[in-house]
Amino acid sequence: MLQAYLVDDEPHALNMLEMFLKRTGAVQIVGRWMNGFEALKALDDVRPDIWFVDIEMPGMSGLELAANIHEIDPEAIIVFVTAYDQYAVAAFEHEALDYLLKPIEMGRLSRTIDRILREREREQEKQEQMQKKQEEEARGLIQSCVNSSDNAVNRQGSDVIDGGSCLFVQMFGKLRVTPTNGGSVMWRTAKEKELFAYLLLQDPDAHAVHRDRIVEHLWPDERYEKAKIYMHTCVSLLRKNLKKLGMEQMISYRNEHYIMDKKRIRADVYDVLDVVHRMQREEHVPLEQMERTLYMYQDELLAQEDYPWVHELGQRLERSVLELMLKLSEMQLARGNGKKAIEAAERAMVHSPYEEEAYRCAMQAYLSLGKHDQVLRIYRDLEARLQELHIGPSIVSRRLYEQIQM
Numbered sequence: 001m002l003q004a005y006l007v008d009d010e011p012h013a014l015n016m017l018e019m020f021l022k023r024t025g026a027v028q029i030v031g032r033w034m035n036g037f038e039a040l041k042a043l044d045d046v047r048p049d050i051w052f053v054d055i056e057m058p059g060m061s062g063l064e065l066a067a068n069i070h071e072i073d074p075e076a077i078i079v080f081v082t083a084y085d086q087y088a089v090a091a092f093e094h095e096a097l098d099y100l101l102k103p104i105e106m107g108r109l110s111r112t113i114d115r116i117l118r119e120r121e122r123e124q125e126k127q128e129q130m131q132k133k134q135e136e137e138a139r140g141l142i143q144s145c146v147n148s149s150d151n152a153v154n155r156q157g158s159d160v161i162d163g164g165s166c167l168f169v170q171m172f173g174k175l176r177v178t179p180t181n182g183g184s185v186m187w188r189t190a191k192e193k194e195l196f197a198y199l200l201l202q203d204p205d206a207h208a209v210h211r212d213r214i215v216e217h218l219w220p221d222e223r224y225e226k227a228k229i230y231m232h233t234c235v236s237l238l239r240k241n242l243k244k245l246g247m248e249q250m251i252s253y254r255n256e257h258y259i260m261d262k263k264r265i266r267a268d269v270y271d272v273l274d275v276v277h278r279m280q281r282e283e284h285v286p287l288e289q290m291e292r293t294l295y296m297y298q299d300e301l302l303a304q305e306d307y308p309w310v311h312e313l314g315q316r317l318e319r320s321v322l323e324l325m326l327k328l329s330e331m332q333l334a335r336g337n338g339k340k341a342i343e344a345a346e347r348a349m350v351h352s353p354y355e356e357e358a359y360r361c362a363m364q365a366y367l368s369l370g371k372h373d374q375v376l377r378i379y380r381d382l383e384a385r386l387q388e389l390h391i392g393p394s395i396v397s398r399r400l401y402e403q404i405q406m
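Numbering follows full-length UniProt numbering, in which position 337 of the sequence shown is assigned residue number 337; successive positions increment by one, without gaps.
These aren't lab readings, by the way, just hints derived from the structure by calculation. One or more of the hints may lead you astray.
Pairwise CB distance ranges, derived in the manner of DEER restraints [to be verified]: (1) G392 x A334: 21 to 31 Å; (2) Q387 x T178: 37 to 47 Å; (3) G370 x R399: 14 to 24 Å; (4) V396 x E256: 46 to 56 Å; (5) R188 x Q28: 30 to 40 Å; (6) I259 x T24: 36 to 46 Å.
With a Cα cut of at most 16 Å, we get these calculated EDC-like pairs of lysine to aspartate or glutamate [as the list claims (entries may be wrong)]: (7) K228 x E71; (8) K327 x D373; (9) K240 x E119.
Owing to the predicted nature of the structure, the values given are computational and were not obtained by experimental measurement. We put the beta carbon where it would ideally sit given N, CA and C, even for glycine.
Please model the complete structure; the sequences and the hints are all you need to start from.
This is the structure we're talking about:
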C-alpha cells in the first residue's frame, strides 16, 4: 500500500482525488493540505511514498513546493495535478514522475498508480541485486580504493569506505569520473556535471556550502527564484546518478547547506592539495611522493571545462604546484641529483615562463654538472622572457651567470 500526501487549495479537488485514489485499492491517504507551507511542516512526522501536488496555489506554487520537498526528501515521488497543460515541461524539469490534467480521469490515475508500483518493484529487485554484487566485490573494491593513493581526505584507511564502491575522479584537464563498480556516469545536463565538480572542490575543512553560494556561482545571470529551482533539479539528478552507481546519500542538505560526503571519492586534485598543504606546514614529504604528485598534474584544474568559478582556485593551485616543482629541484640538487634537479626546474620553466626562480634553479643544476654552455643558454632564455616585460634579470641571477665568465 502506497502512502500519499495530497496538496491542493481547492477542497472539492482534494475530495475528488482522494475518492479516486481510494478506488484503486493501492493508496492510503496519510495527509491532505490546502497549502504548501503546512505540507512541508508535516514532513517532520511522515515521509509519504508519493505526493499529489496542484501547481497553481497561492503563497507557494506546486513547483516551489516540489523543489522544497526534494531538498528534504530527495527520493520523494511527485505527481503534479493541474488544470493547465502549459506546465508540463516545468513539471518534468522538477523530476515529477507524472502530470495529471484536471478533471482527473479514473483510468488515467490508475495507470499512474500501476506505473509507480511497477517501478517500485523494479527498484527493490535492483537494490537486492546491487547488494549481492557489493557483498561479493566489497573486499576487493575496498582494498583497491585504500591502496590507490595517499589521498589526503582518505588517509585514515579502509574504515572510511563503508559501501564497497568509490569514485576515481580526474580533475586536471578534463573532468573524468570512473566508478570502481564497473558502472558509468551519464550526465543528464552540463549543469549537473558542473555541480558535481563544484561540490567536490569545496574546502574539505568547511564541509558544507550554502545553497545561495551555489546559485551565485553556477547561475549568476538568472533570477534567484528561477536559479534556485534549477539548482534543486540538478541536485536531484546528481543524487539519482550517484545512487545508480551504488553511492547513496553522498549529498545531504542541512540548514540551507549542501554537503558532499567525500570519503568514497579519490581525486587527483586531493592528492596534489595534500602534498601542497603538508609542505606549507613544513612537514616532511618524500621525494618519490612529490614526483608522483607532479606526474598527476598534466594540465590546469578543469582546463577543458568552462567554469568561471574555478579560476581563483586554479590560480592558487598553479602557484602551489610551481612552488612544489622548485622545491623538488632544490631537494634533488641538495642530494647531488643534478639531472633530476634539471628536469624539475625545466618543467617549472614551462609551467611559469616568467618565473625567474625556475630559470635560476636550472642554471644552478647545470652549473653543478659543469655544463656552462647550458647555464648560458638558460640565462639567455631568461633575458629574452624578461625583456617582454621590459625588465632585466635580478642581481642574484646575474651573479650566477658571472660565475661562468670567470
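Here's how the hints hold up against the structure:
no., hint, verdict
1, G392 x A334: 21 to 31 Å, "29 Å, holds"
2, Q387 x T178: 37 to 47 Å, "45 Å, holds"
3, G370 x R399: 14 to 24 Å, "18 Å, holds"
4, V396 x E256: 46 to 56 Å, "52 Å, holds"
5, R188 x Q28: 30 to 40 Å, "32 Å, holds"
6, I259 x T24: 36 to 46 Å, "38 Å, holds"
7, K228 x E71, "11 Å, holds"
8, K327 x D373, "24 Å, violated"
9, K240 x E119, "14 Å, holds"
In summary, the one numbered hint that this structure violates is 8.
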